[in-house]
Amino acid sequence: MVTTIKGDLPCGQQEIVTSTCSTDCSTDAAGAAEIVNPIPAVVEELAEEFKSGRFTSHIEPVPIPSKEEVIKLVEQVQRILFPGYFTSMILRPENLEYYLGQQLSLLYENLARQISSAIRHDCFRHNQECTRCGERSYELAAGLVKSLPEIRKLLESDIEATLEGDPAAANRDQVIFSYPGLFATMVYRLAHKLHRLKVPLLPRIMSEHAFHRTAIDINPAASIGGKFFIDHGAGVVIGATTKIGCQVRIYQGVTLGALSLPRDAGEKLRNVKRHPTIEDNVIIYANATILGGETVVGARSVIGGNVWVTESISPDTKVLLKQPQLVYLGQGEEI
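With positions in the sequence shown counted from 1, the corresponding number in the working numbering is that position plus 58.
Keep in mind the hints are simulated off the structure, nothing from the lab. It is possible that some hints are incorrect.
[As the list claims (entries may be wrong)] Using 30 Å as the maximum straight-line C-alpha spacing, the simulated DSBU-like pairs for lysine-lysine come out as follows:
id	residue 1	residue 2
1	K211	K251
2	K109	K211
3	K211	K256
Can you make the complete structure from the sequences, with help from the hints?
And the structure:
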């Protein structure tokens, strides 16, 4: 690179003219040409691993469910279950049935399409004999659609539990619009129904969407009764074989999980109960951890914050940590 300074200009106003030397460019180009392009070799290596099955992939002649479309389904169900809240359309008694009919028709078709992709993918992946895939997808979609009134009743009870348990909850509108616990519970109840219908893939896609929205991780296989309230919510984990009764309240950071598992737990314990049972009217405060498939928290018990529980608790029991000793130091003081 050559830099020329015109000396006939006053100090501070000298014009600097920069030009690129053609010799340097040709040298750089020659050096670049000597570098071996890594792309063909990497393509060949990755393609071989994918085609051989050593790397998991979806190189199959059937479509896989679309994560984006499944998220749209969740949003569509939310508009159906909470009409008027998540749409710009003004709803009145005279157009409510038209609105619900239109939304449910779209949901039915879109859901059947994603279920069909999930079933076909599952059949092809596991070398199953595919029978009535298209027809079954509509039957399963109908199963979820028919369950929506019952799911909505459960969600109404969850809203009531929120209003009863949280003095900061001003009204139902606020809970529906802005409480992450209700959103996570709604998605769980939809995913749980699809899980019970034995729809592959879609329930976990839904639960992962709820986790990314709320930091609340509820496995679709868990069993949760009505009047369920998650306050604040971030960091809550509810494992697949957890059983939760009615009118249970839990706070942020609560884990309902499994005890330490062996390396081969994926196969050995897949259908074994490994997460706790929480009976009716239990309150579990922030950052409590309750582990184990044989652990039962009895009805009307209270589990304090930061408690670690691995054994069953009788009904009407409070489990609390002793108050820690706090040390207060003034300026210049040491322990």
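The hints, checked one at a time:
1. K211 to K251: With Cα atoms ~14 Å apart, K211 and K251 stay inside 30 Å; holds.
2. K109 to K211: violated (48 Å)
3. K211 to K256: holds (23 Å)
Going down the numbered hints, you'll see the structure goes against just number 2.
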